[in-house]
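Each residue of the sequence shown is one higher than the one before, starting from 1 at the first, in UniProt numbering.
Calculated directly from the structure, the hints in this document are not laboratory data.
You may find that some hints are simply not true.
[As the list claims (entries may be wrong)] Each pair of labels, with its calculated beta carbon distance range:
1. Asp50 with Phe176: 51 to 59 angstroms
2. His69 with Val16: 38 to 46 angstroms
3. Ser84 with Met121: 55 to 63 angstroms
4. Thr65 with Pro19: 29 to 37 angstroms
5. Leu54 with Pro27: 39 to 47 angstroms
C-beta: ideal position from N, C-alpha, C; glycine also.
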Amino acid sequence: MTNPLIVDCTRFMRGVTDPEHVTVTGPSPDHIGLEMMAINKGDDITLDVDLLPLGEGIHAHGTVTGVAHAQCSRCLTEHSVDVSIAVDQIYALTDTFITSHDEGDDEESDEDEVPRVENNMMDLTQVVIDEAGTTFPFNPTCESLTGTPCPEDSDVPESQDPENLIDPRWAGLEKFK
Numbered sequence: 001m002t003n004p005l006i007v008d009c010t011r012f013m014r015g016v017t018d019p020e021h022v023t024v025t026g027p028s029p030d031h032i033g034l035e036m037m038a039i040n041k042g043d044d045i046t047l048d049v050d051l052l053p054l055g056e057g058i059h060a061h062g063t064v065t066g067v068a069h070a071q072c073s074r075c076l077t078e079h080s081v082d083v084s085i086a087v088d089q090i091y092a093l094t095d096t097f098i099t100s101h102d103e104g105d106d107e108e109s110d111e112d113e114v115p116r117v118e119n120n121m122m123d124l125t126q127v128v129i130d131e132a133g134t135t136f137p138f139n140p141t142c143e144s145l146t147g148t149p150c151p152e153d154s155d156v157p158e159s160q161d162p163e164n165l166i167d168p169r170w171a172g173l174e175k176f177k
């Protein structure tokens, strides 16, 4: 099983300065998203990215598309949603690539560090996982996913009083009161 989010950058390591467009489809290498909405490991995803050389770095700019499996946080209805995740990351080809930390600053923050091309390969997996985590809804609803309210026959309580709402997943705990 090959990871479609790992891109071969050999031509850039040899000094090629022309941009390259890469489109590849394959199985998702990992769970991409959140608990209530994610592309499952092994589901097909498509990487469509432009690689732009920056001297000693490469700018990856494009999208990853796939089908996310989501569950409404109100009625627990399952949904399949087409999603597009933005990819916009710079990768260093060498140790001398310009970074944002000062030379006198010995403390390097992991979040400020520019990811490296390792063994001529650019791994976009963590970039895609992070972007999905910040853009997918934390508590998706039928309305936010499909534009329609929860179905009439769902277990969504009729009461609008937030104090009396009982999540159907926890309703079985009432017997322990």
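Verification of the supplied hints:
1. Asp50 with Phe176: 51 to 59 angstroms: With Cβ atoms ~57 angstroms apart, the hint holds.
2. His69 with Val16: 38 to 46 angstroms: With Cβ atoms ~39 angstroms apart, the hint holds.
3. Ser84 with Met121: 55 to 63 angstroms: violated (24 angstroms)
4. Thr65 with Pro19: 29 to 37 angstroms: violated (21 angstroms)
5. Leu54 with Pro27: 39 to 47 angstroms: Taking Cβ atoms as reference, Leu54 and Pro27 lie about 30 angstroms apart, which means the hint is violated.
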